[in-house]
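> Given the coordinates of chain A, work out where chains B and C should sit on it, guided by the hints.
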Amino acid sequence: MLVVLVRRLANIVPTLAAVIAVIFLLFSVLPGSFVSAMNEDGRTTIDPAVMERMRKEMGLDDPLPTRFAKYVAHTAMGDLGTSFRTREPVTKLIGNRLWPSLKLVFTAMAFAIVVGVPLGFIAALKPGSVVDTISMVGAISGLSLSQFWLGLMLMYLFALKLQWLPSFGYGDGGLRYLALPAIALGVGPMALLARTTRAAVLEVLNADFVRTARSKGMSERRVVEWHVLRNALVLVVTTIGLQFGSLMGAAVVVEKLFSWPGIGSLLVDSVFQRDIPTVQGCILLIVTFFLVINTLVDMAYVAIDPRIRYR
Amino acid sequence: MRGGLSLWVGGTLVAVALFVAIAAPLIALTDPVMGANLMNAEIPPGLEFPFGTDAQGRDIYSRIVYGARISLTVGIVSQVCNSLIGVTLGLTAGYWGGLWDDLVSGITNLMLAIPSLIFALAIMAILGPGLVSLLIALGLTSWSYSCRIARAQVLSLKSQGYIQAARILGYGDLRIMFTQVLPNILGPLIVIATLGMGGAILAEAALSFLGLGIRPPFPSWGSMLSEAREQITTAPWLSVFPGLAIFVTVLGLNLLGDGLRDILDPQSTTRRGA
Amino acid sequence: MSDPLLRVDGLRIALAGGKTTYNAVEEVSFEIGRGEAFGLVGESGCGKSITALAIMGLLRRPLSLAAGRIVLDGEEIQKASAAEMRRLRGKRIAMIFQEPMTALNPLSPIGKQIAEMFVLHEGMGWSEAMDRAEEALRQVRVPSPERRIRDYPHQLSGGMRQRVMIAIALACSPELLVADEPTTALDVTVQAEIIDLMAELCAAKGTAILMISHDLGLVANMCRRVAVMYAGRIVEAQPADAIFATPRHPYTCGLINSLPRLGERARRGRQKLQEIAGTVPAIAGYPAGCRFNPRCSEATDVCLTVSPEATPLPADGLVRCHHHG
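Protein chains in written order, with my numbering: chain A, 1 to 311; chain B, 1 to 274; chain C, 1 to 325.
Don't take every hint at face value.
Here are the computed distance ranges between Cβ atoms for each label pair [what the hints assert, rightly or not]:
{"id": "1", "chain 1": "C", "residue 1": "Ser-258", "chain 2": "B", "residue 2": "Val-80", "range": "52 to 58 Å"}
{"id": "2", "chain 1": "B", "residue 1": "Asp-262", "chain 2": "C", "residue 2": "Ser-127", "range": "45 to 51 Å"}
{"id": "3", "chain 1": "C", "residue 1": "Gly-123", "chain 2": "A", "residue 2": "Leu-2", "range": "37 to 43 Å"}
{"id": "4", "chain 1": "B", "residue 1": "Gly-97", "chain 2": "C", "residue 2": "Ser-258", "range": "51 to 57 Å"}
{"id": "5", "chain 1": "A", "residue 1": "Ala-17", "chain 2": "B", "residue 2": "Leu-99", "range": "17 to 23 Å"}
{"id": "6", "chain 1": "C", "residue 1": "Asp-3", "chain 2": "A", "residue 2": "Lys-126", "range": "42 to 48 Å"}
{"id": "7", "chain 1": "C", "residue 1": "Pro-143", "chain 2": "A", "residue 2": "Arg-221", "range": "34 to 40 Å"}
{"id": "8", "chain 1": "B", "residue 1": "Ile-76", "chain 2": "A", "residue 2": "Phe-272", "range": "26 to 32 Å"}
Just so you have them, the derived chain A footprint on chain C, three or more residues with Cβ under 8 Å [to be verified]:
{"id": "9", "stretch": "96–106"}
{"id": "10", "stretch": "117–124"}
Example chain B residues on the side facing chain A (calculated, C-beta under 8 Å, incomplete) [stated by the list, open to error]:
{"id": "11", "residue": "Leu-47"}
{"id": "12", "residue": "Leu-110"}
{"id": "13", "residue": "Pro-115"}
{"id": "14", "residue": "Ile-126"}
{"id": "15", "residue": "Gly-130"}
{"id": "16", "residue": "Leu-131"}
{"id": "17", "residue": "Phe-209"}
{"id": "18", "residue": "Thr-233"}
{"id": "19", "residue": "Pro-236"}
{"id": "20", "residue": "Phe-247"}
{"id": "21", "residue": "Asn-254"}
Honestly, the hints are just simulated from the structure, not real lab data.
The C-beta atom is built at its ideal place from N, Cα and C for all residues, glycine as well.
Isolated chain A, as found in the complex:
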């Protein structure tokens, strides 16, 4: 099992390399480098000679292939460069922010799974009922919400008006601070999971082998427990994996809204400050995380569905 895991993780590397290349190339095209950005904002006027020196220092004058090669080599050794802004290693900047982001993302996903999957299940077992209709209306509404707007509304209601929860920040990292951002972030995936689960369960309920199970004289409840559950789970697991991607995208905005000290807000700040190494580092990390999650999901898939095991 461990060997398979390692092998599959190794498969990520080519994709990752390609992503690094794309991101790097994208940002090398950036017309304004960090230094001229400072000039643009008008905040600091730097002596052109000083600018020249800074450019040389940051290696911005080397030809593109050299810069790329250097970047790849450094990255492979775990060095993501130095932040333009704070002169600290990017790895350190990201390292500080990793845990809050992970907490947020996983809590949001847990919320989405715990609420969304059972909801979809119940809706499918009673199609056309009141529960079903309300759940699905709720689900499609959840998908149509702007997650940061939801966050804003939640913030207004629970933090400012009712004063039950803090309105921003990480605080001690406890549940009180985590609650609002996690819910705002988790509603979208929850809605999607509810819908996907419902569709999967309905599809399985109509399958031939479920008819066989019924012909055995099984109660409907046993049919669901023994035959429907696992088969529906397959599709649900795939969706969860894919959802992590959009979750991380949305997390960027939610983190900024709630001033959550995670990678998302770091990314946004760095973009504004034209701190290219940090931007690249953040994106790289996010993509790696996503790919790892998908690999794990793939493996979970194999554990559930024996048809794939023997390939």
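Leaving out everything else, chains B and C in the frame of chain A:
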């Protein structure tokens, strides 16, 4: 959701949104950008200003109405762009196979590895804020799904022999693609495009909210929300209406897409992304 | 027949199609004796499969049992509650289906799927049930059953899977086995094995068989009595040898004539395969009068307007034809 009801409710909402966007100059009360009057700053919703005014005294209602133009433009244009790219790549990749297919599949996998909002963010970072950059960023980052579907469809038709039969009849490649393959994809494609528009509108709102999309003073719903944030305690209505507008429009598109799916794509080729 | 195991009387199955309701199956009546093999033959779409589902109580929307009686061992079951039907299924009536690949849960080992029967109906614990499952596999002649019980359906061939289905169905020695086209999806070489296996096991357990097929030859070989269905009605029913020797209904004659027999026709100087002209009518478009009239070479005016009654034949037979009844 029952197909019929979704279709009608969604269609109505979308039609309303379209109407508002097109008829904006006629139904707005003031100029959204220039109609600032500090004397009217931060008035709650009432008779004179149905949705209230913001910190600069601009009428929120008018700004929302004009904002519909931005949101719908972004939604439609970016989605058309994505569909064109996705279908072209997917169709040709499935049809010709070989190296081209490998290349397209590789790029698609790459695209799918990067969350689309983050990719769009990166592109916006390079291009700078503004409507055009937004259209480029959103139009170039969400085509992977339609590409996959188009490609799968071509492969399925291939395995059923349709394409081979057409070739034997002497049809040229382009003709086959247009007359045989395209009609089969159209249904799922329309569904994906409709749902994608909703996604594009949400993405635009997010990017504008962050300050990377449409910048103030232009009345994008997202940028209105970023301005509203400061005044959340003093003028909460500023946060409600733009978000509500986004919600109603995207809901309409989602319902419409669902309803269309029941008609155009009953075998649920597109259900994976719901 | 006195004291039949199963009696179906005037069965009518309705199909709800939007605004109109169609009768997919009408006036279907037959009896199956204890331990008897009974065949129900017809082309696809004639309603034989849904008749089987009706007997099992497995009809789902838009199909429903509109009229008629189903009597199992003296008790009427057509109006039985869901719970009562559940008690019957698997224990007294069992069913095997056409597509063994999709009829088994792909994510569950086959041994477990057999063992379920023992856990459900005989209150056994799982480990004892698994032992019994292994025994059941041995009975259906699956080699190395001690290993196979842990296999998954996709690891078995079509014939093997159907044996598993038979093992499941016969696990609790039901009184009636309903077999819906059990061999249609299998290779010809395997078909005969499966049929023999079914016949042997059912004879040993005293289980009656309702054998449903489109293959008249297969059914006539296996069953003591045969009924032929067309467009939702039984058009002829006779003992198996009689139906081949003296078929009455033109449709039955057509079916028998279309069976390719090696050398026979060439001997008679015919080169082409016989067929029955035309196609089976759709449920929504059943012809007036005798439903077979568009394809019948002997159709007359009365056949176009009046639906023929069932004329009894010797040995509990019947035929539904104006000219041959």
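> Now tell me, hint by hint, if it's right for this structure.
Each hint tested on the structure:
1. Ser-258/C / Val-80/B: 52 to 58 Å: holds (57 Å)
2. Asp-262/B / Ser-127/C: 45 to 51 Å: holds (48 Å)
3. Gly-123/C / Leu-2/A: 37 to 43 Å: Holds, since Gly-123/C and Leu-2/A (Cβ atoms, about 42 Å apart) stay within the stated range.
4. Gly-97/B / Ser-258/C: 51 to 57 Å: violated (44 Å)
5. Ala-17/A / Leu-99/B: 17 to 23 Å: holds (20 Å)
6. Asp-3/C / Lys-126/A: 42 to 48 Å: Holds, since Asp-3/C and Lys-126/A (Cβ atoms, about 43 Å apart) stay within the stated range.
7. Pro-143/C / Arg-221/A: 34 to 40 Å: holds (36 Å)
8. Ile-76/B / Phe-272/A: 26 to 32 Å: Holds - the Cβ-Cβ distance for Ile-76/B and Phe-272/A, about 29 Å, lies within 26 to 32 Å.
9. 96–106: Check passed, 7 qualifying residues.
10. 117–124: Since three or more residues must qualify, the claim that chain A covers the stretch 117–124 of chain C holds, with 3 doing so at under 8 Å.
11. Leu-47: violated (24 Å)
12. Leu-110: holds (5 Å)
13. Pro-115: holds (4 Å)
14. Ile-126: holds (5 Å)
15. Gly-130: Hint violated; Gly-130/B Cβ to chain A Cβ min 14 Å, cut 8 Å.
16. Leu-131: With a minimum Cβ separation of about 18 Å from chain A (threshold 8 Å), the hint on Leu-131/B is violated.
17. Phe-209: holds (6 Å)
18. Thr-233: holds (6 Å)
19. Pro-236: With Cβ-Cβ at 6 Å, under 8 Å, it holds.
20. Phe-247: holds (6 Å)
21. Asn-254: At 5 Å from the nearest chain A Cβ, Asn-254/B passes the 8 Å test, so the hint holds.
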